[in-house]
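Letter by letter, the chains look like this.
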Amino acid sequence: MGRSIKKGPFVEAHLFDKIAKAKEAKSKAPIKTWSRRSMITPDFVGLTFNVHNGKVFNPVFVTENMVGHRLGEFSLTRTFKKHGAHTAKAEAK
Amino acid sequence: MARIIGVEIPPNKRIDIALRYVYGIGPSNAKEILAAANIDPSIRAKDLTEAQLSQIVHAIQEGKYVIEGDLRREIGLNLKRMQAIKCYRGVRHLRGLPVRGQRTQTNARTRKGPRRTVGVQRNPNAKTGIH
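Line order of the protein sequences matches chains A and B.
The first sequence begins at 1 in my numbering and counts up one residue at a time.
The second sequence begins at 1 in my numbering and counts up one residue at a time.
If you're looking for bench data, these hints aren't it; they were derived computationally from the structure.
Each hint should be verified, as a subset may be incorrect.
[As the list claims (entries may be wrong)] Below, a list of computed lysine-lysine pairs in the DSS-like style, where the Cα atoms sit at most 25 Å apart: (1) A/LYS28 x A/LYS55; (2) B/LYS31 x B/LYS64; (3) A/LYS81 x A/LYS55; (4) A/LYS32 x A/LYS21; (5) B/LYS112 x A/LYS81; (6) A/LYS82 x B/LYS86; (7) B/LYS86 x A/LYS28; (8) A/LYS23 x A/LYS7; (9) A/LYS18 x A/LYS7; (10) A/LYS81 x B/LYS31; (11) A/LYS21 x A/LYS7; (12) B/LYS86 x B/LYS64; (13) B/LYS31 x B/LYS46; (14) B/LYS31 x A/LYS82; (15) A/LYS32 x A/LYS6; (16) A/LYS18 x A/LYS28; (17) B/LYS80 x B/LYS112; (18) B/LYS31 x B/LYS13; (19) A/LYS26 x A/LYS55; (20) A/LYS55 x B/LYS31; (21) A/LYS32 x B/LYS86.
[Said to hold, decoys possible] The following label-pair restraints were derived from C-beta to C-beta distances: (22) A/THR63 x B/VAL66: 22 to 28 Å; (23) A/PHE57 x B/PRO27: 44 to 50 Å; (24) B/ALA36 x A/PHE57: 20 to 26 Å; (25) B/LYS13 x A/ASN50: 21 to 27 Å; (26) A/PRO42 x B/ARG115: 44 to 50 Å; (27) B/VAL66 x A/PHE57: 38 to 44 Å; (28) A/VAL45 x B/ARG115: 40 to 46 Å; (29) A/PHE10 x B/PRO114: 39 to 45 Å; (30) B/PRO27 x A/LYS28: 49 to 55 Å; (31) B/VAL66 x A/PRO42: 22 to 28 Å; (32) B/ARG109 x A/THR77: 48 to 54 Å; (33) B/LEU94 x A/ALA25: 32 to 38 Å; (34) B/ALA36 x A/THR77: 17 to 23 Å.
Glycine included, each C-beta is placed from N, C-alpha and C at the ideal position.
So that you can see chain B by itself, here it is in the shape it has in the complex (with noise of 0.2 Å):
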C-alpha cells in the first residue's frame, strides 16, 4: 500500500495512472510531477521505493500543485463568493441550471437531475376572481 499526501492509496496500476487518484492531479500534471521527480512513470506504484515516493511527494509540495482539501476548499470559495455577489453565473448555480449559456429547453439534465413534472397549483382565489 502505497500512501502519497495523506489518503491516497493507489496499488496496481503503473504510477503516472496512480496518481491521478490524487484530487487535482490528471495526466499532465501527473506526467510533469514525475518528470520533476525523475522517475520512470511506468513503475507500478507499489513497486516504488520509500526515497522515491518521497520524492514523488517532495515534487508535488514544491511545484505549488493546489490539490485536495485545499482545492476543494478553492473551488467552495469561489462558488460562494459569485453566489453572494449575485452575479450571472452565482445565480445559476444557486438555481442548479447550466452555467454556461447551454440550452435549458431540452437536455440540461446532469444539472437539473432527472425529470420532474410540475403540476401547476392553482390559484385558490381565480374562481372568485381575485388575484
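So that you can see chain A by itself, here it is in the shape it has in the complex (with noise of 0.2 Å):
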C-alpha cells in the first residue's frame, strides 16, 4: 500500500539538514548516507550521494528523473552472479 498524500514523501530528517548545509554552502561533495529509505525530492538534484548496501557506499548522482524514487534503489544490495570466467578476454568476447 502507497504512503498516505497527506504526509508528504519522506526524507530523513538528518538527511535533509545535511542537504540544507550543502545548498547553502553550494558545495558538490558527495554526501554519505545510510538512509537508503529516504525519497528523493526535487532539493536533491545535482547533488551526488554516497548510498551505502550494507557494505560500501554507492556514488548516486541525482538526475532530475530520479524524483519519487528512494536512495535506495540505485545501490545494489547484492551482486548478480555469472557462471565461468570474468577475465578481461573473457567480458570482450
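Could you fit the two chains together into a complex? Lean on the hints.
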C-alpha cells in the first residue's frame, strides 16, 4: 500500500539537514548516507550521494527523473553472479 | 464488422466483452464506457448502429482513457526511464528477471524463459596459475 499523500514524501531528518547545508554552501561534495529509505525530492537534484548498500557506499548522482524514487533503489545490495571466468579477455568476447 | 478507434474489429460478442479487445480497456473500463454512452452492454457488437458506435467512441475520447499506441508508448517510456536511471526495477528489467521481489532460485520461468543449462567457461589460464 502506498503512503498517504497527506504526509508528503518521507526524507530522513538528518539527511534533510545535510542537504540544506550543502545547498547553502553550494558544495558538490558527495553526501554520505545510510538512509536508503529516503525519497528523492526535487531538492536532491544535482547532488551526489554516497548511499550505503550494507557494505560499501555507492555514489549516486541524482538527476531530474529520479525524483520520487528512494535512494536505496540506486545502490544495489546484491552482486549479480555469473558463471565462468571473468577475465578481461572473456568479457571482450 | 464494427470498428472502434481505428483497428479494433470485435464481431459476434456482447459489446461489453468486445470492447475489451481494445488494448487498455478491461472489464471495468468497458462497463464505465458503456454506462457513459448509455448503451445496453448485452447488445452484440454487429447489431450496433452507426450512432451508437460513435457514442462509444465519443465516450472513450471524453473519458480520457489511454489506449492502444499511446498506452504502449507510455509503458515503453516508463521502462526506458527506469533503465536509464539504473534504479533497481530498471536493472531487473534489463536482465530479464522478476521485478517485484519474487524468488529466482526456482521458478521465475515467465521472466527467465525456457531453462538453459549454463556450462562453466573454464579460465584458459587456470592450469598455469594466472588469474
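Do B/VAL66 and A/PRO42 keep their Cβ atoms within the hinted range of 22 to 28 Å?
Given range 22 to 28 Å: holds, Cβ gap about 26 Å.
Go ahead and decide if the range 20 to 26 Å is satisfied by the Cβ distance of B/ALA36 to A/PHE57.
violated (53 Å)
Under the criterion that the straight-line Cα-Cα distance not exceed 25 Å, is the pair B/LYS31, B/LYS46 satisfied?
holds (18 Å)
Agreement of A/LYS28 and A/LYS55 with the hint, judged by alpha carbon distance not exceeding 25 Å
holds (24 Å)
Could you see if the CB distance from A/PRO42 to B/ARG115 stays within 44 to 50 Å?
Holds: the Cβ-Cβ distance is about 45 Å, inside 44 to 50 Å.
Holds or violated: A/LYS32 and A/LYS21, Cα atoms, limit 25 Å.
Roughly 13 Å between the alpha carbons, so the hint for A/LYS32 and A/LYS21 holds.
Hint check: B/LYS86 vs A/LYS28, CA-CA at most 25 Å. Holds or violated?
holds (21 Å)
Hey, A/LYS55 versus B/LYS31, does the alpha-carbon distance stay inside 25 Å?
Violated: A/LYS55 and B/LYS31 sit about 52 Å apart, past 25 Å.
Is B/LYS112 close enough to A/LYS81, meaning Cα to Cα at most 25 Å?
holds (15 Å)
With a cut-off of 25 Å on the C-alpha distance, tell me whether B/LYS31 and A/LYS82 pass.
With a Cα-Cα distance of about 48 Å, the restraint between B/LYS31 and A/LYS82 is violated, given a limit of 25 Å.
Range hint 49 to 55 Å (beta carbons of B/PRO27 and A/LYS28) holds or violated:
holds (52 Å)
Keeping to a limit of 25 Å between CA atoms, is the pair of B/LYS86 and B/LYS64 held or broken?
Distance ~31 Å between B/LYS86 and B/LYS64 Cα, so the pair is violated.
Against the hints set out earlier in the document, violations occur for numbers 10, 12, 14, 15, 19, 20, 24, 25, 32, 34.
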